[in-house]
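Novice: Spelled out from the first residue to the last, the chains are:
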Amino acid sequence: MFANRITIYQKLLFVLLFGLFTSYGVHAQDSLATATTDNADGGLAKPSDEVYNTGKTLWEQNCTSCHNINAEKKVGPGMKGIFERRDRAWLKPWIVNSQAVIASGDAYANKLYNEYNQTVMTSFAFKDEELDALLDFIAYESEQEAVVVTDTDGGNTVAGDSGGISSNYFNLLLGVLVFVLILILAVLFLMVTILNRFLNQKEDLNEADKEIVNQKFNPFSIFQSRAFLGGVALIFVLVVAKTGLDGLIGVGIQQGYAPTQPIAFSHKLHAGMYEIDCGYCHTGVYKGKSATIPSANICMNCHNQVKVGSPEIQKIYKAIENDKPIEWIRIHNLPDLAYFNHSQHTNVAGLECTQCHGEVEKMEVVAQRAPLTMGWCINCHRQSAVDHAEGNEYYDRLLEYHEGTKGKAPMTVEQIGGLECSKCHY
Amino acid sequence: MNSQAYKIFTLTAVLGLWFLTSCQKDPNDPGTEFAPQMYVSKPYEPYTQVEPNSLNPKGLNLRNPAENTIARRAFSPEFQITDSLGNTVKKVDIMYYDIPRDDAGRELASKVLRNPIPINEKSLAEGKVLYERFCASCHGAGGAGDGKVSQKYAGVANLTGAAYNKLSGGHIFHVITNGKGLMWPHGSQLNADERWKVVHYVHQIMGQIPAELGSKVKTEGAGSDSTKVSPKTTEAE
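So the sequences go chain by chain: E and B. Oh and the first sequence: position 112 is 112 in our numbering, straight run, nothing missing. Oh and the second sequence: position 78 is 1078 in our numbering, straight run, nothing missing.
Next comes chain E alone, as it looks inside the complex (with noise of 0.2 Å):
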């Protein structure tokens, strides 16, 4: 009876307390609620899930490489108040096909076709509901402007901010090192000078220890030692010596040869940090004898567009305008009486790029790498084992008697004739 009675009251509890918790949790709700629709500013409600999903995907998919979500121009105009300029009912032709738009004598059409220098808008073939969940997305996202922008530029400024705080904390750690060390040496100095006057003032020191006191020392007289002058006669012809092999061995070679080019073009920002691979300006380099300088019109690819004002690119436009060819500076001379083959190199044995010039994606100015001696190509063509194509009959029967004679030894460049003088000499 007492123990049902206690269960009982167990119960009671349960109730109360689940009904506070229910209250408690729909007030939570309520405050979200209210909280979203704040954050909405008095504009759109954030559309449904689905909706909403769905319009981002379209609008990430389709949208993003000519159109900026915020008031930013790309390609096209930026999307913050578009639904003040246009309604629906205009947007949704002009998404499927803005150039039907702009033929049927839309004015405001034509007008910012023209605006945007005649750049024409692809065509999306969008389904009606996937135009309005486009729409609703680009509505309401275009008034939330502070995420987007924030999310790229303010990751950008942090970064850059961060690295030039510890750069410039390095710089006053130094400074003050240095200001603390010449402090040092102040005091040093005063206390030498300080005792020395007082050991001058005492009367009772005898001779010899005045002398101590007194003594100028006097460093140059170091220099008048045999041991010396022997160090030094040596060490300048061992110099003349070096520099005389140097200059003789060093006839011919133009290891290190970084000309200043008539444009400041730099690898580093184009094969390093944008990536772009060698072969798509050096079209030759997989297909024939020379690697290929690129003419204006595949720097144009990119620069009809990126950094056109920047004097360095206005070079390229003159050298178009005015049909005079851009003077570049050639590295790597090989001598007329040795024959080289690019593709040979890139395409048939498969060598990098990287592996002759260097990391050419590292440097700004373009050096000669490589020493380019006959001693050199000699070397690589003994190490280098031949990577032959597979399937290729005639290079698997010459491996069946390599393996034959030689072994399981790989089979190197030299083994097929790599070093015959004529191969390279004629």
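None of these hints come from the bench; they were simulated from the model. Incorrect hints may have been included.
[Claimed, not checked] In silico BS3-like links for lysine-lysine, alpha-carbon gap of 27 Å or less:
1. B/1152 <-> E/56
2. B/1007 <-> B/1025
3. E/73 <-> B/1152
4. B/1180 <-> E/318
5. E/423 <-> E/289
6. E/423 <-> B/1042
[To be verified] Stretch-level coverage of chain E by chain B, calculated; a stretch enters the list once three of its residues show a Cβ under 8 Å from a Cβ in chain B:
7. 46-55
8. 261-268
In this text, a Cβ means the ideal position worked out from N, Cα and C, and glycines have one as well.
Starting from the known structure of chain E, arrange chain B on it as the hints suggest.
Specialist: Same frame as chain E, but now just chain B:
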């Protein structure tokens, strides 16, 4: 030796050392050549020239081809597919010069041009190499328009997006050759047969190529071997 001689000798030696070691090589100086007449080519070479050419316009060894010239290789209306021993297996028509470069031409190309290169793992792998070399810096490795250059060059198309992923091979070929909208022509960088291989690979990115063939190439491409597969069908050496 007296102390005066010491001083003179030391001074000369130190000055001499300073003089010998202070000279840095001028990066603009190519250095000495022992026999320049053996280094510089007598016959005309395209990318090396010391003296201005007295016969050609602007003193250049390089000359533009005569107007209305069509590159010989591409002029050949046939694309030869050869086996490993170089025997011709099949000949395919690759002519496209009678199609105009404008929008109407693109419409036409989209309808009439067919990819002459057979779809197989080899042509897809070669297309992938070429795509990564010529397209990925803007359009991104996956075709989503997110290559590094697209940060600077606004308006790069997302090839996987709904507006593009149904495009025909002829359309893509025409766009690579002649450009469209913000994309400038890339016909000077890729031969016609290379462009068609890129078209295959772009179709694979767009999901137009049957999955089983696509997946095979993808796994193969993941290895380092893929870089070795380069188009052998280009210029004759």
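Novice: For each hint, tell me whether it holds in the structure or not.
Specialist: Checked hints:
Restraint check for residue 1152 of chain B and residue 56 of chain E: satisfied, since their Cα atoms lie roughly 23 Å apart, inside the 27 Å limit. Taking the CA atoms of residue 1007 of chain B and residue 1025 of chain B, the gap is about 31 Å. The hint is violated against a cut of 27 Å. Between the alpha carbons of residue 73 of chain E and residue 1152 of chain B the distance comes to roughly 14 Å, so the proposed pair stays at or under 27 Å and holds. For the proposed pair residue 1180 of chain B and residue 318 of chain E, the alpha carbon gap of about 25 Å is at most 27 Å, so the pair holds.
Between residue 423 of chain E and residue 289 of chain E the CA atoms are separated by roughly 14 Å; this keeps the pair inside 27 Å, and the hint holds. Pair hint residue 423 of chain E plus residue 1042 of chain B holds up; C-alpha atoms about 20 Å apart against a cutoff of 27 Å. Counting residues of the stretch 46-55 of chain E whose C-beta sits closer than 8 Å to any C-beta of chain B gives 0, which falls short of three, so the coverage hint is violated. Coverage of a stretch by a chain is defined here by at least three residues with a beta carbon nearer than 8 Å to that chain's beta carbons; for the stretch 261-268 of chain E and chain B the count is 0, and the condition is violated.
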